[in-house]
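Peer 1: Spelled out from the first residue to the last, the chains are:
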Amino acid sequence: QQQVKQSPQSLIVQKGGISIINCAYENTAFDYFPWYQQFPGKGPALLIAIRPDVSEKKEGRFTISFNKSAKQFSLHIMDSQPGDSATYFCAASITDSNYQLIWGAGTKLIIKP
Amino acid sequence: NAGVTQTPKFQVLKTGQSMTLQCAQDMNHEYMSWYRQDPGMGLRLIHYSVGAGITDQGEVPNGYNVSRSTTEDFPLRLLSAAPSQTSVYFCASSYSRHYGYTFGSGTRLTVV
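Going down the list, the protein sequences come from chains X and W.
Sequential numbering of the first sequence, starting at 7, is according to the working numbering.
Sequential numbering of the second sequence, starting at 46, is according to the working numbering.
Bound-form chain X, shown alone (with noise of 0.2 angstroms):
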C-alpha cells in the first residue's frame, strides 16, 4: 500500500531556531511532493513542493530537501517564529494518477517565544 510516513508528530522549538519535519515514501511512483500548512480552524494551505528532479527548493525561510535514493524529503524552516506554529503535512503525488495526493499523518509544530 502507498503511504508516506512523516515525523515527528510533534515538535517544540524555540524561536529562532531551526524547525525540520521528515517524510518517507516507498512507492517511486511518485512525482510531486507538497507541504500544506494548517492553522487551528482552518483549511490546510499549500505551503511549499518539490518535483523529484530538484534536491532542493527554497522560498523564504521555508526549504526543502529531497533525497530520491532514500525517498526521503524533509521540511526546514529556518528562523522559527510564533506565527510558524501550525500543523504541517507532507504528501506525495501518484504518477498519472487523478490529481490524488497521500498524504502525511502530521505533525503538530509549536514555536516557544
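Simulated from the structure, these hints should not be mistaken for lab results.
It is possible that some hints are incorrect.
[To be verified] Quick list of the computed label-pair ranges, beta carbon to beta carbon:
#1 Y144(W) to A35(X): 16 to 22 angstroms
#2 T155(W) to D37(X): 34 to 40 angstroms
#3 V133(W) to K11(X): 20 to 26 angstroms
Glycine included, every Cβ here is placed at the ideal spot set by N, Cα and C.
Given chain X, work out where chain W should sit, using these hints.
Peer 2: Same frame as chain X, but now just chain W:
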C-alpha cells in the same frame, strides 16, 4: 475570488438524520474532493471528482454520497448520520495535478 466556499461552518445532527454539506469553487478547477479530518488521523479522502459528471470513491466512502452536476459545485451527502461521522470536513479543489490543492475553511459536524 472567493476560492472554495463551504457551508455550513458548524452543524449538529441527531443519529439517523441526513444532511448535505455544500462546497463551491469559483476557480474553474476540474478536480474537487472531500476529506475528513479526525484527531491523530490526518486527512482521509472520502470522495473525489475529476470533472462534471465524474465521481469516484476515496479511502473512506461508506455513509457518504456525492454528485457533480456542474464544475463549480460538489456537495457531500450524509445518508443516515452516525456518531462515527463526527469530524471536520474539508472540501478541496485543484487546477492540475502539480498545482496544489485549495481547501475550504471546513465544516465541523457533530452527530449526537
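Peer 1: Next, verify each hint and record whether it holds.
Peer 2: Structure-based check of each hint:
1. A hinted range of 16 to 22 angstroms holds for the C-beta pair Y144(W) and A35(X), which are about 19 angstroms apart.
2. Take T155(W) and D37(X): their Cβ atoms lie about 39 angstroms apart, and the range 34 to 40 angstroms holds.
3. Judged by the Cβ atoms, the range 20 to 26 angstroms given for V133(W) and K11(X) holds: they are separated by roughly 23 angstroms.
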